[in-house]
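S.K.: Residue numbers (the numbering used here), protein chains in the order written: chain A, 1 to 333; chain B, 1 to 333.
Simulated from the structure, these hints should not be mistaken for laboratory data.
It cannot be assumed that every hint is accurate.
Unchecked claim - Which bits of chain A does chain B cover? Going by a derived footprint, with three or more residues having C-beta under 8 Å, they are:
| # | stretch |
| --- | --- |
| 1 | 115–128 |
| 2 | 204–212 |
| 3 | 221–232 |
Said to hold, decoys possible - Okay, the calculated beta carbon distance ranges per label pair:
| # | chain 1 | residue 1 | chain 2 | residue 2 | range |
| --- | --- | --- | --- | --- | --- |
| 4 | A | S333 | B | H96 | 53 to 61 Å |
| 5 | B | E232 | A | D73 | 35 to 43 Å |
| 6 | B | G191 | A | R59 | 30 to 38 Å |
| 7 | B | K102 | A | E41 | 45 to 53 Å |
| 8 | A | D71 | B | Q21 | 22 to 30 Å |
| 9 | A | E328 | B | S296 | 38 to 46 Å |
| 10 | A | T173 | B | T66 | 36 to 44 Å |
| 11 | A | D73 | B | Q21 | 48 to 56 Å |
| 12 | B | Q21 | A | E232 | 52 to 60 Å |
| 13 | B | K220 | A | E41 | 54 to 62 Å |
Stated by the list, open to error - Computed footprint of chain A on chain B; a stretch qualifies when at least three of its residues, placed anywhere within it, have a C-beta under 8 Å from a C-beta of chain A:
| # | stretch |
| --- | --- |
| 14 | 24–30 |
| 15 | 169–183 |
Yeah, the Cβ is synthetic: ideal placement off N, Cα and C, and Gly gets one too.
Number of protein chains: 2
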Amino acid sequence: MSERRFDPTTGEWITFATHRQNRTFLPPADACPLCPDPNNEWDGEIRRTDVQIAVFDNRFPALSPTPPAPDVDSDELFRAEPASGRCEVISYSSDHNATLAKLGPERISLLVNAWADRYQVLGSEGHAYVLPFENRGEAIGVTLHHPHGQIYAYDDIPARPLRELRTAAEYRTRTGRCVNCDVVAAELADGRRIVAESEHFVAHVPFWARYPYEVRIAPKAHTPSLVAVADEARDDLAGLLHRVFVGLDDLFGFPLPYVLGIFSSPLNGEASVAGWDGSWDDISHLHLLISPPNRSATKLKYIAGTEQMGGAYSTDIAPEVAAATLREKIPQS
Amino acid sequence: MSERRFDPTTGEWITFATHRQNRTFLPPADACPLCPDPNNEWDGEIRRTDVQIAVFDNRFPALSPTPPAPDVDSDELFRAEPASGRCEVISYSSDHNATLAKLGPERISLLVNAWADRYQVLGSEGHAYVLPFENRGEAIGVTLHHPHGQIYAYDDIPARPLRELRTAAEYRTRTGRCVNCDVVAAELADGRRIVAESEHFVAHVPFWARYPYEVRIAPKAHTPSLVAVADEARDDLAGLLHRVFVGLDDLFGFPLPYVLGIFSSPLNGEASVAGWDGSWDDISHLHLLISPPNRSATKLKYIAGTEQMGGAYSTDIAPEVAAATLREKIPQS
């Protein structure tokens with residue numbers, strides 16, 4: 001079963017991929033599917049002795065290019081469709097115990113290029129929205145410890161990016177400006193929530209952070225996706241990202257769990273879906289969001305009652321205080 | 001600091017309540033703030049020897065009726081407001097180790113009446129939306145084990161209920177019908193996802209369940225809130241809820257963690273906010289949602305990459321299969 005179903009009470013789609021029940025769950029280090037397995041000793045994904053960055057199809061994909069027909073009948077109220085799209089895994093290193101902080105800016109530069117490359121290729125395959133993300137740490141439920149991320153290519157724009165695009169379209173219609181350009185300029189002018197800066201990018205705790213130590217990274221100039229970032233500016237971003245990862249791991253003295261997501265311009269479909277009559281690029285401003293669940297070294301913020309049922313986030317650390325703490329931990333050059 | 005800030009990139013408000021950093025965290029059983037403390041030996045909330053259901057203000061509220069002015073200046077882009085509203089705690093029992101399954105239908109009937117009463121009283125105080133919820137189990141981050149729930153009274157309609165109301169308004173405009181009435185009728189007609197039923201209510205795994213063992217309970221007839229449920233039907237609901245709680249705790253043989261939420265009609269403000277020109281009650285159909293994070297006895301579903309960043313839920317158990325399992329566990333009368 002690999003299908004998506006429509007929730008007629010919220011207008012959102014939910015994906016069901018029952019084969020994922022059997023996905024690899026915290027395997028022992030000597031049978032890690034992401035460690036190099038040149039002689040195919042444990043059915044690993046990487047048949048080489050060494051790799052830097054490797055991208056391949058997820059063996060247990062939630063979305064696939066050729067999904068089967070849905071299990072249930074579809075009608076006007078209860079709509080079911082094949083779960084089409086593509087799910088990839090992106091390994092950051094051959095070393096099972098590496099971290100992005102330890103791998104350094106050059107490897108992160110390669111990773112930025114890989115994200116940009118897959119964004120472009122998956123767009124050319126016709127997918128509507130490409131979301132690279134990383135789930136890191138058992139606190140947010142990783143099933144493989146090997147340093148890696150994922151890339152989901154959706155065949156329509158998923159709910160959260162769509163909400164951002166609709167909000168950006170409204171803002172642009174009302175003011176003539178890009179909301180993310182205005183946010184970046186306002187954060188730079190205020191300064192209290194900036195945690196690191198490079199020539200082309202800025203890293204800040206958002207004024208409205210949903211997680212105490214949330215970090216948002218965006219280009220200073222209007223840029224729809226990584227593809228529009230020049231080579232030199234990609235290295236600049238990699239250097240900034242590296243400093244942020246070093247600081248996050250230094251915050252409590254252990255590799256900080258987080259969810260990372262990269263928000264870019266949609267690749268197919270009309271911007272009228274978001275209420276905009278121009279191009280997607282007009283209302284899309286690249287940003288990376290890193291959301292660690294920790295509110296202290298030993299306590300996590302949970303998405304429970306008010307967040308899950310209300311959609312109303314509540315948090316207990318002021319963004320200005322969190323930013324001051326992070327600024328101390330993040331190398332400033 | 002007790003303020004809310006607007007996220008101009010999504011149009012949502014986030015609450016900051018820094019005093020909540022010091023909230024009581026998993027206290028020892030002999031200093032539980034919800035256990036009866038008639039002689040005020042440990043500054044407990046309940047100065048009686050015994051109570052059945054007790055409701056009182058949360059000592060560490062995210063929202064309060066008289067919040068201070070925000071810490072930061074507000075401008076057109078970065079808006080900050082006092083975090084006004086009210087947060088209550090509702091204790092289910094004097095017994096620290098009780099569960100709703102063990103307390104039985106009569107106590108749950110009292111609880112249903114307390115939810116209805118607080119909904120009405122908090123509405124008469126002028127709050128816009130009343131959300132009773134329960135966070136249960138360390139897996140979803142409870143800080144107190146004593147059986148209890150919470151009630152948040154928001155001064156505007158929070159994001160998720162607002163999304164449901166807007167979707168219901170669109171559906172009603174398009175079809176002339178209530179989407180939740182149609183969902184209940186369709187689930188009853190299909191039958192595969194029904195897990196329990198009473199005279200006036202039905203419990204089902206939604207066709208679009210975001211969590212594997214999610215249970216949704218709704219009145220068969222259009223009913224905007226618990227206040228509109230007659231006494232006899234409240235007892236009927238309590239009996240059904242009791243059976244569901246018994247079944248959930250029997251599913252894996254331990255008290256199942258979950259987040260429970262009760263969605264009702266807004267109490268103040270105009271329905272035009274949701275794109276509807278009639279009354280809130282026209283587009284509001286009471287429903288309770290119970291979302292357990294477990295996908296098995298030992299594995300949890302985490303809200304990570306695709307859910308958190310994409311807003312696109314992905315799950316790995318078919319709702320029809322989960323419903324069949326639950327139906328075996330839930331007493332059918």
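S.K.: Determine for every hint whether it applies to the structure shown.
M.R.: So, going through the hints one by one against the coordinates:
For the stretch 115–128 of chain A, the stated coverage by chain B is violated: 0 residues have a C-beta nearer than 8 Å to a C-beta of that chain, whereas at least 3 were required. Given a C-beta distance limit of less than 8 Å, the hint that chain B covers the stretch 204–212 of chain A holds, as 5 residues qualify and 3 suffice. Counting residues of the stretch 221–232 of chain A whose beta carbon lies closer than 8 Å to any beta carbon of chain B gives 0, which falls below the threshold of three, so the coverage claim is violated. Distance hint check for S333 of chain A and H96 of chain B: the Cβ-Cβ separation is about 54 Å, which falls inside the suggested range of 53 to 61 Å.
Between E232 of chain B and D73 of chain A the beta carbons are some 37 Å apart, a value that agrees with the proposed interval 35 to 43 Å. For G191 of chain B paired with R59 of chain A, a C-beta distance near 35 Å keeps the hint of 30 to 38 Å intact. In this structure the hint that K102 of chain B and E41 of chain A lie 45 to 53 Å apart at CB holds, the actual value being about 52 Å. Range check, D71 of chain A to Q21 of chain B: Cβ separation about 47 Å, and the 22 to 30 Å hint is violated.
Between E328 of chain A and S296 of chain B the beta carbon distance is about 42 Å. The supplied range of 38 to 46 Å therefore holds. Between T173 of chain A and T66 of chain B the C-beta distance comes to about 37 Å, which sits within the given range of 36 to 44 Å. A beta carbon spacing of about 51 Å between D73 of chain A and Q21 of chain B agrees with the range 48 to 56 Å that was offered as a hint. Here the CB-CB span from Q21 of chain B to E232 of chain A is close to 42 Å, at odds with the stated 52 to 60 Å.
With their beta carbons about 59 Å apart, K220 of chain B and E41 of chain A fall inside the hinted range of 54 to 62 Å. Only residues whose C-beta sits within less than 8 Å of a C-beta in chain A count toward coverage, and the stretch 24–30 of chain B has 1 of them, not enough to reach three; the restraint is violated. Counting residues of the stretch 169–183 of chain B whose CB falls under 8 Å from any CB of chain A gives 6; the rule of at least 3 is met.
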